[in-house]
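K.L.:
Protein chains in written order, with our numbering: chain G, 1 to 112; chain X, 1001 to 1112.
Since the hints were derived computationally from the structure, they do not count as laboratory data. One should not assume that every hint holds.
[Stated by the list, open to error] Mimicking SDA-like on lysine to any residue, the simulated pairs with C-alpha atoms at most 20 Å apart in a straight line are:
#, chain 1, residue 1, chain 2, residue 2
1, X, Lys1022, G, Gln41
2, G, Lys9, X, Lys1057
3, X, Lys1042, G, Gln17
4, X, Lys1042, G, Asn51
5, X, Lys1057, G, Asp99
6, G, Lys9, X, Lys1022
7, X, Lys1042, G, Ser24
8, X, Lys1042, G, Glu54
9, X, Lys1042, G, Glu53
10, X, Lys1042, G, Asp71
11, X, Lys1042, G, Arg63
12, X, Lys1042, G, Ile96
13, X, Lys1042, G, Gln37
14, X, Lys1042, G, Tyr50
15, G, Lys9, X, Lys1042
[What the hints assert, rightly or not] Facing chain X, according to a computed beta carbon distance under 7 Å, are these residues of chain G, among others:
#, residue
16, Gly3
17, Pro8
18, Gly42
19, Leu43
20, Gly52
21, Phe64
C-beta atoms are modelled at their ideal positions from N, C-alpha and C, and glycine is treated no differently.
Take a look at the letters that make up each chain.
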Amino acid sequence: DSGVTQTPKHLITATGQRVTLRCSPRSGDLSVYWYQQSLDQGLQFLIQYYNGEERAKGNILERFSAQQFPDLHSELNLSSLELGDSALYFCASSVIASDTQYFGPGTRLTVL
Amino acid sequence: GENVEQHPSTLSVQEGDSAVIKCTYSDSASNYFPWYKQELGKRPQLIIDIRSNVGEKKDQRIAVTLNKTAKHFSLHITETQPEDSAVYFCAGRYSSASKIIFGSGTRLSIRP
């Protein structure tokens, strides 16, 4: 157990819908990262937050947004969902930006 | 640009033999290189990491070597066992962007 928690574990929804994925970092970690992993694919970096501020952006679609709250938990919002958004979404956290990242168990999103 | 290249994409070795996975990076100022193991459907887990002030690090059957001049680093697994079967990701910390870039992954299969 890495200490990073993600909810929900599984999410099944329909095209066009909107969902919110939640991540709680390890105690003491200030930085949160979001990744998308499609079937048999690598880790696609989406976005990074550090102490509530956006720090870096990767290949994140405009339909996706995220934020980090004062208690350091983070949420990833996915809207106007498409079939291709079906994937594992991982959250990771680190003590400081660009330090060792510890991954959560992931949220498996299925868009039907 | 920022890039970490990983080879091979798939690797099959006989149980008991050694496995080597190689990665190259482009930013000569990079100073931190973690390796992650991801079993099917599970989170990536940190297995070993190396910083640029050392050339080699070992942890039981796993070792990582770093060649700063050539800008490449490698993961070595000796006496492979069935439980070593997984996808392995290398990563590098890019000082210019203060973020970690992941390689594309290597699927390692151990033949009985």
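K.L.:
Hint by hint, say whether it matches the structure.
P.N.:
Here's how the hints hold up against the structure:
1. Distance hint between Lys1022(X) and Gln41(G) is fulfilled; the C-alpha atoms sit about 18 Å from each other, no more than 20 Å.
2. A C-alpha spacing of about 35 Å is found between Lys9(G) and Lys1057(X), which places the hinted pair above 20 Å, so the restraint is violated.
3. This hinted pair does not check out: Lys1042(X) and Gln17(G) have alpha carbons roughly 26 Å apart, beyond 20 Å.
4. A distance of roughly 27 Å separates the Cα atoms of Lys1042(X) and Asn51(G); the hinted pair therefore is violated under the 20 Å criterion.
5. For the given pair, Lys1057(X) sits about 18 Å from Asp99(G) by alpha-carbon distance, which is consistent with the 20 Å threshold.
6. This hinted pair does not check out: Lys9(G) and Lys1022(X) have alpha carbons roughly 33 Å apart, beyond 20 Å.
7. With a C-alpha separation of about 18 Å, the suggested pair Lys1042(X) and Ser24(G) falls inside the 20 Å cut-off, and the hint holds.
8. Restraint check for Lys1042(X) and Glu54(G): the C-alpha separation of about 27 Å exceeds 20 Å, so the hint is violated.
9. Using a Cα cut-off of 20 Å, the hinted pair Lys1042(X) and Glu53(G) is violated, with the two alpha carbons roughly 28 Å apart.
10. Between the alpha carbons of Lys1042(X) and Asp71(G) the distance comes to roughly 26 Å, so the proposed pair goes past 20 Å and is violated.
11. Taking the CA atoms of Lys1042(X) and Arg63(G), the gap is about 26 Å. The hint is violated against a cut of 20 Å.
12. About 24 Å separates the Cα atoms of Lys1042(X) and Ile96(G), which puts this hinted pair outside 20 Å; it is violated.
13. Proximity of Lys1042(X) to Gln37(G) is assessed by CA-CA distance (about 11 Å); at most 20 Å being required, the pair is judged to hold.
14. Between the alpha carbons of Lys1042(X) and Tyr50(G) the distance comes to roughly 25 Å, so the proposed pair goes past 20 Å and is violated.
15. Proposed proximity of Lys9(G) and Lys1042(X) is supported: the alpha carbons are some 11 Å apart, at most 20 Å.
16. For Gly3(G), the shortest C-beta to C-beta distance to chain X is roughly 11 Å, which exceeds 7 Å, and the interface hint is violated.
17. Against a cut-off of 7 Å between C-beta atoms, the interface hint on Pro8(G) is violated, since the closest Cβ of chain X lies about 15 Å away.
18. With a least beta-carbon distance of about 5 Å to chain X, the hint placing Gly42(G) at the interface is held under the 7 Å criterion.
19. Proximity of Leu43(G) to chain X holds as hinted, the smallest CB-CB distance being about 5 Å (cut-off 7 Å).
20. The beta carbon of Gly52(G) comes no nearer than 17 Å to any beta carbon in chain X, farther than 7 Å, and the hint placing it at the interface is violated.
21. At its closest, the beta carbon of Phe64(G) sits 18 Å from a beta carbon of chain X; the interface hint therefore is violated under the 7 Å criterion.
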